[in-house]
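A.B. asks: One-letter residues, chain by chain:
There are 2 protein chains.
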Amino acid sequence: MESSAINIPENPLPPGLLQQMNAYWRAANYLSVGQLYLRNNPLLKEPLKLEHVKNMLLGHWGTTPGQNFIYTHLNRIIREYDLNMIYVSGPGHGGPAVVAGTYLEGTYTEVYPNITQDEEGLKRLFTQFSYPGGISSHASPQTPGSIHEGGELGYSLSHSFGAVMDNPDLVVACVVGDGEAETGPLATAWHSNKFLNPLTDGTVLPILHLNGYKISNPTVLARISHEELEQLFRGYGWNPIFVEGDEPEQMHRDMAAALDYAVDRIKQVKYDAEHPNGQRPRWPMIILRSPKGWTGPKEVHGYKIEGNFRAHQIPLAVSASAPAEHLQILENWMKSYKPEELFDEAGKLLPELQALAPEGERRMGANPHANGGNLLRDLRLPDFRNYAVTVDAPGADGEGDTYVSGRFLRDVIKENQEKRNFRIFGPDETVSNRLDIIFEATNRQWDAPIAEHDEFLAADGSVMEMLSEHQCEGWLEGYLLTGRHGLFNCYEAFIHIVDSMFNQHAKWLKASSELSWRRKIASLNILLTSTVWRQDHNGFTHQDPGFIDHVVNKKATIVRVYLPPDANCLLSVMDHCLRSYHYVNVVVAGKHPAPQWLNMEQAVAHCTRGIGIWDFASNDQEADPDVVMACSGDVPTLEILAAVSILREHLPELKIRVINVVDLFKLEKSTEHTHGLTDKDYNELFTTDKPVIFAFHGYPWLVHRLTYNRANNVNMHVRGYKEEGTITTSFDMTVLNEMDRFHLVMDVIDRLPQTGSKGVYLKQQLQDKLIEHKHYINTNGKDMPEILNWKWKA
Amino acid sequence: MESSAINIPENPLPPGLLQQMNAYWRAANYLSVGQLYLRNNPLLKEPLKLEHVKNMLLGHWGTTPGQNFIYTHLNRIIREYDLNMIYVSGPGHGGPAVVAGTYLEGTYTEVYPNITQDEEGLKRLFTQFSYPGGISSHASPQTPGSIHEGGELGYSLSHSFGAVMDNPDLVVACVVGDGEAETGPLATAWHSNKFLNPLTDGTVLPILHLNGYKISNPTVLARISHEELEQLFRGYGWNPIFVEGDEPEQMHRDMAAALDYAVDRIKQVKYDAEHPNGQRPRWPMIILRSPKGWTGPKEVHGYKIEGNFRAHQIPLAVSASAPAEHLQILENWMKSYKPEELFDEAGKLLPELQALAPEGERRMGANPHANGGNLLRDLRLPDFRNYAVTVDAPGADGEGDTYVSGRFLRDVIKENQEKRNFRIFGPDETVSNRLDIIFEATNRQWDAPIAEHDEFLAADGSVMEMLSEHQCEGWLEGYLLTGRHGLFNCYEAFIHIVDSMFNQHAKWLKASSELSWRRKIASLNILLTSTVWRQDHNGFTHQDPGFIDHVVNKKATIVRVYLPPDANCLLSVMDHCLRSYHYVNVVVAGKHPAPQWLNMEQAVAHCTRGIGIWDFASNDQEADPDVVMACSGDVPTLEILAAVSILREHLPELKIRVINVVDLFKLEKSTEHTHGLTDKDYNELFTTDKPVIFAFHGYPWLVHRLTYNRANNVNMHVRGYKEEGTITTSFDMTVLNEMDRFHLVMDVIDRLPQTGSKGVYLKQQLQDKLIEHKHYINTNGKDMPEILNWKWKA
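Just so you know, the sequences run in chain order A and B.
Here the first sequence is numbered in our numbering, starting from 1 and rising by one per residue.
Here the second sequence is numbered in our numbering, starting from 1 and rising by one per residue.
Pulled out of the complex, with its shape left as it was, chain A reads as follows (with noise of 0.2 Å):
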């Protein structure tokens, strides 16, 4: 194995470009210490009066110097081996020092012209940072060259990995900082490793940043030993490169050294990849110490600040009612860094201070990989026709249907093989979601040791697999935001495990949708299956529809939510979401075999709709209907029409209207919503004083929360979920929830008395059934033969 230290020369940076490094490093810090504290006099041409200084201070110093030391040398290196890269800020609170190096490099001012490179600029600079409207302690959407905000901790690496994928060029340096590394998402990202490609994939380089505190702790992995830290990331399958001090000179050499080697590294094992020797590759990683709050104020009032927790944010208060000698403080503190001889009278970085800077789109704030939407290019789409199933009268017999839907997405990898943009992610699931067909087409990616008999793994592939919902979700996202496409397939109840990570992209969406700079990039698309009500083994753990309730409550220009009721509908349905851009797609869908309703005419014209009456099911074409029976899902659609089907054989004289709706948002009110309903449109399908069964799949209380404000709302019973579950059949797990086909009956029974001594006798006999029912599935652990054959008859 090489040591870390083989290959480091003493010294590899001449004197004078080691001075104008730390020069660079002092106008990065310098602008930093601008933005927490100054609103005016951003050169210091004048003594500092609290005057110049904002009125509120808000921010965060501690990660800031580390991360302009970082970039400062990743310039050197894009300069010097002409590197493809971008800069990834993982730890919470690197906004200031991001805007700062895409300052520095020119880019922000070509993102935002009002903020230019003299002294008006900078004030303005200053100003907007952590300011009413202006831009956050982040590396936000607003941040160019950033795809990853880390507002949230722990999905860095995730991104970083994602975005490397199918771009054999790209480097991404990924800033990792020490308190995010507690985090489990972060934890586990370490082992992305193991599913890289050198071939055909990109690079990325960690730097794992050891500050040595979170907000008012130490962190773990700065209190571990050398020996200890050494191991486990060579234990992650990592090669440590060290860098650690707190002396400039001393450090800016390291630094270099590090890189130096680090490239290196890099060039060698995708030198390996193609002279293959039997080896994983080992990539080389940085795991930098540095003290927090670098070059800040020292001690204030006998407290430690740098090198201390209290580092973490604004470091020292300037304001009336704090000492008043801390304006001094700050004043020294920022001449400190010299600025007068790092930008000229003007308040332009010096020319050869700026030549330190890479050009062109090798700036990392420029490189057009960190905003996908401008690489993005549409993916070629098989006619999605082409893998309709025949479905001759409504209720044939199904194969599953994201089987089916399958098939489809196998075609799409072939179809986009050669542009390599197109990727699914699952964790360990996509045969258990029934999608493996699309092993004719590709393989899950791997590049650990493959045995005899794996099936599907190969070096290289379009299928990412590892069990964590939260690596799947990353590595999509990053994937998503450097310009490509992709899918996440997952078992229903388990996507709530990256509840959050969805809302930190969402509202990514939404904030970089009201950029005019930043291109709308690829939807993610969300496959959920192996849904709540077949989970006949699993039972109540993996019982939970309530993604969509989460998913809902995010702004509506980002967020849809399908649930097709058969095959043809979800192929329909995936075509659509593929085709689409900056929405996060969320679509349910069932894997077992299960009947079809629509042939794919139906389903187009179904699914454009959204929503709709299905005729074939529904006996009030000639007149008003005495109820409506409703249904989103496929599992609530096969109890409504069982439903019917008793209905209109026991009671034919009713008038029933069947709805199924596909795309969910359409119950909500078109104010609301694009994709709603408006109360006219919603008023003639639902009626406005009709009883409305629904069936849905998810918990009830969704569907009422969006129609909680249409005409008809008092006339809505809605049944699904209700958190009532167990180890059980398909069917009595709608009848622990009263969404079964007899308990719907009874529901329209009970809200219409004109049923009169026939509606209380059929009641009868399904209170009965249902007891027979439990005694048969009791009996046999399976269900009766009348439900498990039962057909739609027209």
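These aren't lab readings, by the way, just hints derived from the structure by calculation.
Idealized CB from N, CA, C, for every residue including glycine.
Take the hints with a grain of salt, since some may be wrong.
[Claimed, not checked] Subject to a maximum C-alpha distance of 20 Å in a straight line, what follows is the list of computed EDC-like cross-link-like pairs (lysine to aspartate or glutamate): (1) A/298 x B/455; (2) B/722 x A/672; (3) B/414 x B/436.
[Unchecked claim] Listed next, the stretches of chain B that the computed footprint assigns to chain A, with coverage defined by at least 3 CB atoms under 8 Å from CB atoms of chain A: (4) 137-145; (5) 489-502.
[Unchecked claim] Residues from chain B shown here face chain A by an in silico Cβ test under 10 Å; the list is partial: (6) 130; (7) 133; (8) 184; (9) 429.
Could you slot chain B onto chain A? The hints should help.
C.D. replies: Below, chain B alone, put in the same frame as chain A:
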């Protein structure tokens, strides 16, 4: 550093014992296969026929024989060293193993007297497994000895560490699956060893079970080199002991030696803690590499089963439609365990094998820690009224509500210091959430090195902080499940990180509440602060009040949501929560200084009702109101009262009723939630026909979801967070979301035509005010004085 090889004797098991243990293991495997397949002929006394086999074969074999092996060996060391040990089954589907283990040791029959220790009992044991209404394939609440279900993967280690906190004699043997080990939460949980105090806490003995495969993929940890694996776990700070192979005799010897060595190391750690040597303890762990589906069919139709992913679930289809020879393969497989050598004629385990199990409460299925309610004792609680803040009149200055509650919590810690049965958990946010006064009574527990300027760190403390919401939640759950009390404090937005963990815990509570033998445990108390409305410098990423939306979907008998409007109410609510059992209590409170409304007497009365009219703010005492102004949450309460004060000044003739909601479920019908108001009571508060302007802490739709079926639903107008946010002032956040006082007043005017021209004029003034506000904050970076200095005047 010690080598794991040193102390292991060549052959620690006398041959007789080895054969007996092997027989015990065979018995457990036999019972496991029986659970998967049979519903009759449990002892194979007659030739196996299809009618003896279940109609639906559901369940998981893969992890089971390995866990049976482990359980058998743990039984030996429990007896040998008189260990107080419980068993945590991390891999997803180890249910058959834990059921078999507890059945063989006798606890299963004690808990479920119908499952007798004879042929009939075996038949029932087999039949109930993965059968409608039966038991699941996980170690569910129904399983004696379990505190961890494992339906969702990733939390076994966190639960185990929580269980041993303040239980110095307890050892948790935690089997970690290699699939599970890929999840984020599990990957960071290994670091829990930096927090454990060997003097006051117990021991977690992780057994990483490398059986190589997940559902259809190899696992990452099984495919890295031995060297990497050892480095990884040494890097994580453990002392790994390897047991690897598939030949039973040798594996028995190796496992026994490894466990002897592990016990020796544990004793050494405990000894060292009493004789400190300046070193952090290095606890032992076991890495067990054994074939997936060990001892099962080697190959079926040319497909490798044992030692491959195909052993994951039912490895062999046996049914009318499967190949006929499978029945014989199954019979041969089961007979390979030689049941006739294990059970007597009546079906009872032979006495010499029974003797291998521990006795009484030493049996892992009977250990009282695994039914924590048995050990639960109420907290000693100081009188929360003693911590009241003085509120001479509504609108008094506040110190920050969580800050005030910190004094109470500090003394809760003090009062229960001796019992050591209360802990506070948080992701490095206890200080930021302004609960730091608790550090007058305790410290953050931390077993890694402590540096000079650290604060509130000690080897012994009642506060657990790691930057992982998963760890905090998992630790707390383990602590509660073993009969103690606790509180999780968290930023509101980031509690979504544990949405799915909350789901599983709520499901555990619901399922366990349906079992007579499971005792109630203390409630899971979650204090959410640093809320959506007060994220001045964190901005959009830190704004999400939707956790309560997620919570309300869970069973009404389990979940409670409180939004105390001020400090006295928070004290009253916290006291109530700490006294409660078997709920998840979510409390949302502010941390910043804010107006106080109720003195303690009023607060207690108000919180006891959970909802009520605030007379001091209302002027409808003599008549019906013209409008109801409702609020829930601290910021909405402030804005509603500010709006009311504007209305009462400018439109004094309006009759206004002000309602505050502390207990959110009061809004739901009494038929839906035990806290819900009856329609009569609700209508008396909200009227049946007057406009209701409701300012809500969270997403406005949640109020609609709770009240959709109330009489006055159509007149309910809710303002809340609608995903509009950025870096801005506190007040501006309410403006962006139109929940500020000015918008609220305009909402009233819009709904009350009788306000006439005065209303129109006031509205115009307020629109001007909003423009003035925008201009002011843009210029000054802070709110207008009239906002900052606004005070309620009666």
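A.B. asks: Now, for every hint given, state plainly whether the structure supports it.
C.D. replies: Hints and how they fare:
| no. | hint | verdict |
| --- | --- | --- |
| 1 | A/298 x B/455 | 17 Å, holds |
| 2 | B/722 x A/672 | 11 Å, holds |
| 3 | B/414 x B/436 | 14 Å, holds |
| 4 | 137-145 | holds (count 3) |
| 5 | 489-502 | holds (count 6) |
| 6 | 130 | 5 Å, holds |
| 7 | 133 | 6 Å, holds |
| 8 | 184 | 3 Å, holds |
| 9 | 429 | 7 Å, holds |
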